[in-house]
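Protein chains in written order, with my numbering: chain L, 1216 to 1421; chain F, 19 to 262.
No lab work stands behind these hints: they were computed from the structure. Every clue listed holds true.
Just a few of them, taken from the derived set where beta-carbon distance is under 7 Å, the chain F residues facing chain L:
#1 P122
#2 F158
#3 S203
Calculated from the model, a selection of chain F residues having no Cβ within reach of chain L, i.e. all distances over 10 Å:
#4 S35
#5 E40
#6 N74
#7 A83
#8 L99
#9 G100
#10 Y102
#11 P114
#12 P177
#13 E179
#14 I181
The C-beta atom is built at its ideal place from N, Cα and C for all residues, glycine as well.
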Amino acid sequence: MNNALLRVQYPRFEHPKDEPSVTDETPVHEVYEGEIVIDANPPSYPGISVSDFLRQTTVYEELPVPLAPRLRQGAFAGMALTLAGSLFLALLPGMQPLIASAPLLLLHGFLNAYTQWIVSTPLLNYINGVLLSSSLVLLIVTRNLRHGRLPLHWLACAEALGGSANLVLLLIPLCIVCVNFALWTLILMALLLIFVLVIALLAALL
Amino acid sequence: MAASLYKNEEQARRVVSIVHEELHRSLARPIRLVDGRISIAPEILAGTLSTWAMQNIKLNRRARALVEYPCLRQELVVETLGEYPLFTEMKLVQGPVSDVVIVPAEQDPLFTSGQFPLPRSVKTRMELMEQIGVPLDRMFTYIAHEVPPNTIDTNSPLPLEVIAPPSPAHALRQSARLGAIAHVSTISALKGFRRSLTTGVQSVAVGAIAAGTTAALLLDPIIFGALADERGMATWIVLAQWVW
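Next up, chain L with everything else stripped away, as it sits in the complex (with noise of 0.2 Å):
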């Protein structure tokens, strides 16, 4: 392009292909010091196009959103508790002799029959091992719970409901011994009873 303002040419300036790309970085870039620079040249914009754009975009919808606290709590319970549950499971082989002999009035048969029944059942340490390691899992990819999609929300709350399963299991044996611990000290405290009440008539007749 010829320019009357300039005291010399512009240099023979070629035009791009009329094809429009944004991807065409060929502009011809000519400086003239201390001139009026009538600028010509195509500009170049450094700009994505849209299907790059399109490719380096994320669905809204699966965005990691922060985990409600009460899940965070159920969870983090779950998880203590499964860690417990999975505690009593690997020392129950060695309890159940004990258990075995325990001086019980109550429900002895059936708290035998169900230690045996757990010590029988492999299937239950291998679901607290999932457990166990999906929590792991869970803790690393959430950063301590924080933070994670939908899908982790969801292996949260089953986090939560399988440590409630292991409170169950933790609880049976727990509430039978309870019980027979509260009859023994019933017992005994009524055996003391009886034991001064005695001692008391005694010393009244002596």
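Given chain L, put chain F in place with the hints provided.
Coordinates of chain F only, in the frame set by chain L:
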């Protein structure tokens, strides 16, 4: 496919018209003094040669043929704004209700964070455009965000906090529901069912209310495609708009 382009017709029209006015205004600044040099925009030169208008018409025809008509055949509504120059820096337009920021996509902090979120319906719509042969690979991407007044400083980069979308309301509601279940099954099993059931229901209600409040404050992003020619002029087309 949805027959209408805009989710919120009134709000979207307002934002588009603000952007449109700003793009038009850029035509009115053809001569500038840049670093001690008079810079005359190419349209002035081209106008003297009487080719500018012809090229604009050609550009417009090409944009309609390549973008608008194929989209209309698939019932995808797009809006062609007209021929305006491309730009490389953020533009801030102060509107009567809110400010509008127009920014090349690569300067959008949501994009540079690598997690520019598109609603699934919008992504599907744009992928469909690509499938039917709309030359998206030749179109420059610009994004307009409606922002609260006086929250943007033109001398500093666009802050992410201002344009960051809220967390998906559906996911938050779902998380609150799961939280109620998890809480009832663990914490309340230890504390007592009755008390926790009440608080569980309350938490779901609070979550839903919070999501609703956020939704009421949401502002529009609009995606523009600019089909340019060698002069740096482009036909600007509204490709997608949504409400968070």
